[in-house]
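*Asks:* Could you put the whole structure together from the sequences, leaning on the hints where they help?
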Amino acid sequence: MTVTTIGTAQIHVDTEGFLTEYDEWSEDLGRQLAAQIGIELTDAHWKAIRFLRQDYPEQGETATLRRVSTLAGIPVKELFTLFPGKPAKKMAYIAGLPKPHGCV
Amino acid sequence: MTTTTTQPAPAIVPDFGDSAPTGRKLAIICSKGNLDMAYPGLILANAALGEGVQVDLFFTFWGFDMITKSRMGELKFTMLGNTATHMPQGLGGLPGMTAMATHQMRKQIQDIGVPDVPEFLAQIVDSGGHLWACRMSADMMHLDETDLYDAVEGIISAADFIEKTEGAQLLFI
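Chains A and B, in that order, give the protein sequences. Residues in the first sequence are numbered consecutively from 0, following numbering that gives the first Met the number 0. Residues in the second sequence are numbered consecutively from 0, following numbering that gives the first Met the number 0.
Keep in mind the hints are simulated off the structure, nothing from the lab. All values reported here derive from a predicted model rather than from experimental measurement. Ideal Cβ placement from N, Cα and C applies to all residues, glycine included.
Only some residues are given here: those of chain A computed to face chain B with a beta carbon under 10 Å:
hint : residue
1    : D13
2    : L64
3    : T69
*Replies:* In structure tokens:
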């Protein structure tokens with residue numbers, strides 16, 4: 000397992016840089032992870048990130064874009080605006096979770 | 000005397016492709032109107048959009064059912080001619096069997112959280128996908144824009160679609 004330094008935090012990550020330890024995450028780290036990929040978190044971002052954090056331990060896997068949209072009540076269009084390009088992966092990264100594996 | 004400085008290792012951060020967009024494009028031709036054959040195109044389109052790929056879908060021939068308002072929510076699955084169900088082919092021809100098989104498949108799709116066709120198309124459009132209808136199919140079936148799903152951007156010829164998707168990777172389903 001690899002350790003990398005984000006800001007002042009030492010975190011365990013996979014080869015791509017996704018956090019591998021759920022409990023190493025904090026909202027402060029989330030802000031720093033977001034900054035690494037050029038995103039400044041607003042309340043709208045946090046709504047999605049907090050949903051992902053809460054959903055992961057219950058489901059055992061990272062929520063897909065559709066799951067975030069339907070269960071957190073955030074339109075897909077908005078998720079693409081908040082996390083441009085690859086929204087599902089970017090959300091997972093900021094939330095300190097593995098990439099989602101679901102197809103839809 | 001020499002001095003050594005220890006450079007901190009750069010942080011490991013995933014590459015989301017923002018620094019060097021690839022301009023990747025995908026063109027998907029949907030030519031089937033069976034429930035089971037509607038999904039591959041929709042799922043791949045959705046996956047590609049989630050990866051930042053530009054996606055254009057072209058609906059032609061039987062695939063027109065996927066975007067025809069009166070039919071898009073009523074696609075069916077039949078066991079007939081499909082050996083992958085591993086059921087005797089004769090069963091598929093019994094009255095009510097297509098309805099039953101369709102019901103079963105819809106339930107399986109719903110159970111894994113995958114939307115039905117109209118909702119899936121809406122998600123694709125919200126994700127930035129483009130829907131196009133085939134001119135020849137519209138003429139053959141005597142349908143116009145008013146008969147089609149609202150988010151369809153236009154009824155265009157095959158040549159127009161080829162022109163629009165220049166440089167794209169192409170899937171025919």
